[in-house]
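Here is what each chain is made of, one letter per residue.
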Amino acid sequence: MKRIKRFNVAERVAHWSQAFAFVVLFLTGAGLIFQFFGDFLGVEGLRRAGLLHRVIGISFPVIVLAVLVLLTPKTTREWLKSLVSWNKDDIRFLMLFPKEFFGGHVKLPPQGKFNAGEKINSLLVIFSSAIMVITGWMLIFRHLFPAWMVVWIHPVHAGTALLLAAVILAHAYLGLGHPSSREAMKGMVKGTVSETFAREHHLLWYEQVKDTDYVVVEKEVEQTALES
Amino acid sequence: MGQYAMIIDSNRCVSCFACRVACQLQNDLPPELSRIKFTEQEKGVFPDTRVLVLPTQCMHCDDPPCVEVCPTGASFKREDGLVLIDYEKCIGCQYCVSACPYSARSYNPRTKTVDKCTFCAPRLAQGQGPACVEACITGARIFGKVDEEGSPVQALLKDQRTNQVKGTLMYYRVGEKWLDEIPADAHRPAYASRLVTRQPVGTALLGLSAGAVAASFVLTRVRRSGEGDHDEKD
Numbered sequence: 717m718k719r720i721k722r723f724n725v726a727e728r729v730a731h732w733s734q735a736f737a738f739v740v741l742f743l744t745g746a747g748l749i750f751q752f753f754g755d756f757l758g759v760e761g762l763r764r765a766g767l768l769h770r771v772i773g774i775s776f777p778v779i780v781l782a783v784l785v786l787l788t789p790k791t792t793r794e795w796l797k798s799l800v801s802w803n804k805d806d807i808r809f810l811m812l813f814p815k816e817f818f819g820g821h822v823k824l825p826p827q828g829k830f831n832a833g834e835k836i837n838s839l840l841v842i843f844s845s846a847i848m849v850i851t852g853w854m855l856i857f858r859h860l861f862p863a864w865m866v867v868w869i870h871p872v873h874a875g876t877a878l879l880l881a882a883v884i885l886a887h888a889y890l891g892l893g894h895p896s897s898r899e900a901m902k903g904m905v906k907g908t909v910s911e912t913f914a915r916e917h918h919l920l921w922y923e924q925v926k927d928t929d930y931v932v933v934e935k936e937v938e939q940t941a942l943e944s
Numbered sequence: 006m007g008q009y010a011m012i013i014d015s016n017r018c019v020s021c022f023a024c025r026v027a028c029q030l031q032n033d034l035p036p037e038l039s040r041i042k043f044t045e046q047e048k049g050v051f052p053d054t055r056v057l058v059l060p061t062q063c064m065h066c067d068d069p070p071c072v073e074v075c076p077t078g079a080s081f082k083r084e085d086g087l088v089l090i091d092y093e094k095c096i097g098c099q100y101c102v103s104a105c106p107y108s109a110r111s112y113n114p115r116t117k118t119v120d121k122c123t124f125c126a127p128r129l130a131q132g133q134g135p136a137c138v139e140a141c142i143t144g145a146r147i148f149g150k151v152d153e154e155g156s157p158v159q160a161l162l163k164d165q166r167t168n169q170v171k172g173t174l175m176y177y178r179v180g181e182k183w184l185d186e187i188p189a190d191a192h193r194p195a196y197a198s199r200l201v202t203r204q205p206v207g208t209a210l211l212g213l214s215a216g217a218v219a220a221s222f223v224l225t226r227v228r229r230s231g232e233g234d235h236d237e238k239d
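Quick mapping for you: the protein sequence lines, in order, are chains A and B. The numbering used here puts the first sequence at residues 717 to 944. The numbering used here puts the second sequence at residues 6 to 239.
Because the hints were derived from the structure by calculation, they are not lab data. Hints are not guaranteed to be accurate.
As the list claims (entries may be wrong) - Coverage of chain A stretches by chain B, computed from C-beta distances (three or more under 8 Å per stretch; other residues unrestricted):
hint, stretch
1, 795 to 804
2, 822 to 832
3, 862 to 868
4, 893 to 903
5, 919 to 929
In this text the structure is predicted, and so the values were computed from the model without any measurement. Note that CB positions come from ideal geometry on N, CA and C, so glycine has one too.
Work out the full structure: start from the sequences and follow the hints.
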């Protein structure tokens, strides 16, 4: 059984670091937005959450950026490049995708390594993460900024967090719970996807890599073991 | 229970800052942190100029924005008018620092809580006056209960030249040309509302996403249940 290498170790480490950081940061910050959750955490819980929020919020963006830039600069550049390259098929993909999302069957236009939905997801996550990091640092060094500016940083930080949560919830569901994209999850966990998935979901990318060393042949036994 | 009031008579103030120092000593504050701040205004044309130094602090608003935005209920308004902080409950999020229209609150890194004027509530409980009032060498700070018969506060409140910062417990007495330098009446900044701190738009967005996910979860399973298992192997 042929499988196609989709994400290298560095890409996967960066992705799951980002995922871990997001979950921890959302849970440790949510107490200030949702009253019931703040009450649930209690005063001591909120204080500890605040500390953890700062520790993770300061360290993880550095880790994620360092991994992407230093350990896998080539794929990072290609990923960013794909985010700014849009064509008619991408638009058509976005128009048709809702039907697919809600269980219909659609013939989606051919896509590259990242489909239009993944590109939107990437863009939203990159931009909102940047806003979160910038406003987060501004809140830590709030005495360096004029009061009128600091005043608006709270709601911007909280509002962007909720936008990010909305995006990531849908993204996580597509990876974990949507029947059509389960193979995509393997790409982010094992690093490879089945040849069928690559051809059906990312045809343009598949065409590029099908005759290269991106293709790995797995022993049949192993494959059956995985399937069961 | 009657409300407290504080009058600052700038005609008597000699800008010695003793009130600030007394406050810092009384409340164990680091030198860079102060509950009393000063605004400085200059008027006139050289050489005939005058400078007004006006102390400001927590005005103890009747309807305090800081209390409204506090997520833990640490900031509260007492019946006698004092706006206070329960340090057991303060988590140092500083929402109140942003919400205060008078910039009267600051974060104390030593205690990891927010700090502001309490009119020396612990001293009041022992029958003493606020430290700033007792330290004032010229009697420019007058403090007491509004309903206390014959008190210096009551006498001064009847005087037309005593200007209340409306919606607060603070009053200022200044020369006529300085009237516009008195801190503005209590006002509510736009962000000092739960509409901003509780994020209705963002929450709706998250709800929308959750709804779409739930709908998809059900629909994909219902609509594809009759179609066999082929999706699994995509």
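field: Given coverage of the stretch 893 to 903 of chain A by chain B, checked by CB-CB distance under 8 Å (3 or more)
entry: Answer holds; 7 residues pass the 8 Å Cβ test.
field: Claimed coverage, the stretch 795 to 804 of chain A by chain B - three or more beta carbons nearer than 8 Å
entry: Not satisfied, violated; 0 residues make the cut.
task: Apply the coverage criterion to the stretch 919 to 929 of chain A and chain B: a residue qualifies when its Cβ sits closer than 8 Å to a Cβ of the chain, and three qualifying residues are needed.
output: Since three or more residues must qualify, the claim that chain B covers the stretch 919 to 929 of chain A is violated, with 0 doing so at under 8 Å.
- prompt: Taking a Cβ-to-Cβ distance below 8 Å as contact, does the stretch 822 to 832 of chain A have at least three residues touching chain B?
  reply: violated (count 0)
- request: Mind taking a look at whether chain B covers the stretch 862 to 868 of chain A? Criterion is 3 or more residues with CB to CB distance under 8 Å.
  value: Per the Cβ count (4), the hint holds.
When held up to the earlier numbered hints, the structure conflicts with 1, 2, 5 and fits the remainder.
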